[in-house]
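Visitor: Here is how the chains run, residue by residue.
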Amino acid sequence: MTGFTASSSAPIAAHFVRVAVEAARPPPAIRTGRLERLSSALFASAPSAMLTLAFALVVGWASWHFARWALLDAVFAAGGDASVRCRAAEGVGACWPMLAEKWRLIVFGLYPYDAQWRPALACLLMVVILAVSAIPRFWRRWLAVVWLVGAGAVAVLLWGGIAGLAFVPSDAWGGLPVTVLLATIGLVSGFPLGVLLALARRSHAYPGIRAFAVAYIELVRAVPLVVVLYMASVMFPLLLPQDVTVAKLLRVQVAIALFAAAYLAEVIRGGLEAIPKGQGEAADAIGLGYWKKMAFVILPQALRIAIPGIVNTFISFFKATSIVVVVGIFDLLTAAKRALADPEWQGYGFEVYLFVGALYFAFCFSMSRYSHWLEGRLARDR
Amino acid sequence: MPGSRRRRPEVLRHWLWQAVAFAVAAALIVLAFRATSANLSARGVASGFAFLEQVARVPVSNASIPFDPGVDSYGRALLVGIVNTIKVAAAAIVLATLLGVLVGAGKLALNPLVRAVCGLYVDVMRNVPVLLHIFVWYMVLLALPGPADALQLGDWLLLSNRGLFLPGWLLEDGHLVFALPHVDGLEIVAGTSMSPEYAALLVGITTYAAAFVAEIVRGAILAIPKGQWEAGYAVGLRRSVVFRKIAFPQAVRSALPPLTSEYLGIVKNSSLAVAIGYQDLVAVGNSMLFETGQAIEVMAIIVAFYIAVSLLVSFAMELVGRRAALAQR
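Chains as they are written, first to last, in my numbering: chain A, 1 to 382; chain B, 1 to 329.
Everything labelled a hint here was simulated from the structure, so no lab data went into it.
The model shown is predicted, which means the values in this text are computed figures rather than measured ones.
Check each hint, because a few of them may be wrong.
Claimed, not checked - Chain A is faced by these chain B residues, among others (derived, beta-carbon under 7 Å): (1) N39; (2) V114; (3) V117; (4) G119; (5) L120; (6) M125; (7) I301; (8) A304; (9) Y306.
What the hints assert, rightly or not - For each label pair, taking beta carbons as the anchor points, the in silico distance ranges come out as: (10) L311/B with L71/A: 43 to 53 Å; (11) P257/B with G328/A: 50 to 60 Å; (12) V246/A with R57/B: 25 to 35 Å.
C-beta: ideal position from N, C-alpha, C; glycine also.
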């Protein structure tokens, strides 16, 4: 190193020393205006311009074909000979009358047709309650009352049997309400177990219980939901005495709740681990017992941190419940498949999947945006 | 010391509680066990793993190792399922990683059009259920023309409603021959073939998981200090070189833990095979469970397999992580 510097420093240094005044370079082009900035970004360099061109071609081609299929060559008018006109346009344009015909089946499943305002109202109620619960200003004790009343109202609306509403067994429920119910009840009822598991996993005083919590969480998280659903529908009846039966929807609901608890436990544990040790020590110092310390000092803070993670878990369960198709529960995706089975309207899978996909997207996208917003807000508050 | 005197009953109480909890759990297990054995003996099912040696009667489609119904055992049928699960999960992990890295890098591109398209991809793909992806791809593949007028891409690729056909090595008269895919009457002969079920599952899982991988990659790259980029620019490297040689290798390290759980998600999602009739472990196990009635044994095997895979993938990623950590020195 030193030898290198000694022998060659002089010519290198000379290379970097200016001996004459450089001519001033032209000022950088002033790029104002949105359009100009955009075009300079799109065509910043030759490779970038090529990329822009290639992407524009593909996007343009795809949107043109989609527009032709969905709008220009599509059949819109419902009624009359719509199914015949759709057959004529098959493979060329979309068949929207099919959705007009089938959307009730897709959204509400096999629920009695004339009473479908009930699941519609129940769905709306659940969405409103979820939306209200999403606003931090409303995180008060009365929200729990709202949930209880809401749950009661949803149960009355769906089951009926009182207040002049005809009784509808849970086997007849279907579509969107079932999807929302499975995810919501699954997470809400899995939540207490999730909290307990998270606390147990962090408790050093009870090594036996901690080992159990670790085993439960890791076991459940290692196994696909499908397997748990099969257990609920095939294996669970074997574990019960022979004269006891549980409705399939309830069994699947319990399975989803137990499954969700393990995922929630990990999210909540993340929140617990983010709480500084001093908080627990301060609670100890003023003489709070374990449960009071957790309930009034640790958990309120930890759960607050965990909320974005909980929302993300909710999103993934909202999507994951579509798997109940394999055990024959009539959720949104199962209902869509059923709608495709009608011979008169067979072959319009794209239309149906687009519709169902849009429904899922509306729910999941808004929730993920919310989770993102909340994360930023909670980070600011701290 | 007053502390130690207070500790003793405390510890004793802890153990007492744990003993109570375990007694309750044990009682529940015993009750369930008794109900189960009563149920099983009422149905005439002998518990135990002896059924694995029995001859399986139902064929397994998409078998990647030879399987002969009526000759081979249930154990071998499960093995076929395991091989099929690994086949689809491993391929999906590789493809989702490649696509995800591309899309994730695209979301960081300077070109706004590239950025917008990649952002749209991520938002659309990850906000619908993976099962919907699989159903859509399955529908597309089944709607393709039959083998007689299969879509052709050069000599190398044939696409029909029987699946995807690629060149590969073929065992013919005892020796390997390299075969391009070609139509032979109503059949397609090819070195490598994918059934529509396998292809739909693979592509569906890949397009879904790639969106998550893209977000992981993007997050990991954004987490790299700005100074690393600036240092790269300062020594005169182009953005693409800084990305490949400086940012990406460092991002790998912080991306590994979330990638591990994404990969485990892919393995678990491969069990959605059962919804379109691809014979993965869960699908094989499920039909076996109805045939033999050995619900608990079959479920135990399936659960054990997924736990083993989950440990294996975590271990493999740990090794990769160790290599990535050493490489920086």
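Visitor: Next step is simple, just say for each hint if it's right about the structure.
Guide: Consistency of the hints with the structure:
1. N39: This interface hint holds because 5 Å falls under the 7 Å limit.
2. V114: OK, holds: V114/B within 7 Å of chain A, min 6 Å.
3. V117: For V117/B, the interface hint holds, since the closest Cβ of chain A sits about 6 Å away, which is under 7 Å.
4. G119: The hint is violated - G119/B has no Cβ within 7 Å of chain A, the shortest such distance being about 12 Å.
5. L120: 9 Å, violated
6. M125: 10 Å, violated
7. I301: 11 Å, violated
8. A304: 10 Å, violated
9. Y306: 5 Å, holds
10. L311/B with L71/A: 43 to 53 Å: Check passed, 52 Å falls within 43 to 53 Å.
11. P257/B with G328/A: 50 to 60 Å: The hint (50 to 60 Å, Cβ to Cβ) is violated, given that P257/B and G328/A are roughly 37 Å apart.
12. V246/A with R57/B: 25 to 35 Å: For V246/A and R57/B the Cβ distance comes to about 32 Å; the hint holds.
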